[in-house]
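Visitor: Sequence:
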Amino acid sequence: IIPVVVYVLGCPPRPEALLQGILKLQEKIARESLGERYGTGTARPSTAALQSGLVSPPEAPGPGGVSRTSVGEADR
1 IIPVVVYVLG CPPRPEALLQ GILKLQEKIA RESLGERYGT GTARPSTAAL QSGLVSPPEA
61 PGPGGVSRTS VGEADR
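Here full-length UniProt numbering is used: the first residue of the sequence shown is 1, the next is one more, and so on.
Note that these hints are calculated values from the structure, not bench results. Source: prediction; values computed, not measured. Beta carbons are placed, not taken as given, at the ideal position from N, Cα and C, and that holds for glycine. Hints are supplied without guarantee of correctness; some may be wrong.
What follows is a list of derived Cβ distance ranges for each label pair [claimed, not checked]:
#: 1; residue 1: Pro12; residue 2: Leu34; range: 33 to 41 Å
#: 2; residue 1: Lys28; residue 2: Ser56; range: 46 to 54 Å
#: 3; residue 1: Ile22; residue 2: Pro58; range: 52 to 60 Å
#: 4; residue 1: Thr47; residue 2: Val4; range: 36 to 44 Å
#: 5; residue 1: Ala48; residue 2: Pro12; range: 53 to 61 Å
#: 6; residue 1: Leu9; residue 2: Leu34; range: 52 to 60 Å
#: 7; residue 1: Ala60; residue 2: Gly35; range: 39 to 47 Å
#: 8; residue 1: Ala48; residue 2: Cys11; range: 53 to 61 Å
#: 9; residue 1: Val6; residue 2: Ala48; range: 42 to 50 Å
#: 10; residue 1: Glu32; residue 2: Pro61; range: 39 to 47 Å
#: 11; residue 1: Ser46; residue 2: Gln26; range: 36 to 44 Å
#: 12; residue 1: Gly53; residue 2: Leu23; range: 41 to 49 Å
#: 13; residue 1: Lys28; residue 2: Val55; range: 22 to 30 Å
#: 14; residue 1: Ser56; residue 2: Pro3; range: 49 to 57 Å
With the sequences and hints as input, model every part of the structure.
Guide: Structural data, given as structure tokens:
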């Protein structure tokens, strides 16, 4: 699916019609604000909302490369 911003009549379109379509497209771009395009007017999510689904990192191995948790304790 391709969104249509400007329709140019003809198959194939005549050069004049193609130029007119390009000019209309430039006018639409000039009228558009950056806030509409990039959504800067919307509220940003809070830091807590961004971190809510994160998993805590694994523990670093203890001295000698042995994990601090015993076998079976990590499954709880």
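Visitor: Give a verdict on every hint.
Guide: Hint by hint, here is what the structure shows:
1. Pro12 / Leu34: 33 to 41 Å: Given range 33 to 41 Å: holds, Cβ gap about 34 Å.
2. Lys28 / Ser56: 46 to 54 Å: Since Lys28 and Ser56 have Cβ atoms about 49 Å apart, the given range 46 to 54 Å holds.
3. Ile22 / Pro58: 52 to 60 Å: holds (56 Å)
4. Thr47 / Val4: 36 to 44 Å: holds (40 Å)
5. Ala48 / Pro12: 53 to 61 Å: For Ala48 and Pro12 the Cβ distance comes to about 56 Å; the hint holds.
6. Leu9 / Leu34: 52 to 60 Å: Cβ of Leu9 to Cβ of Leu34: about 31 Å, so the range 52 to 60 Å is violated.
7. Ala60 / Gly35: 39 to 47 Å: holds (45 Å)
8. Ala48 / Cys11: 53 to 61 Å: holds (55 Å)
9. Val6 / Ala48: 42 to 50 Å: Taking Cβ atoms as reference, Val6 and Ala48 lie about 44 Å apart, which means the hint holds.
10. Glu32 / Pro61: 39 to 47 Å: violated (55 Å)
11. Ser46 / Gln26: 36 to 44 Å: holds (39 Å)
12. Gly53 / Leu23: 41 to 49 Å: holds (48 Å)
13. Lys28 / Val55: 22 to 30 Å: violated (45 Å)
14. Ser56 / Pro3: 49 to 57 Å: For Ser56 and Pro3 the Cβ distance comes to about 43 Å; the hint is violated.
Of the hints listed earlier, those the structure fails to meet are numbers 6, 10, 13 and 14, in rising order.
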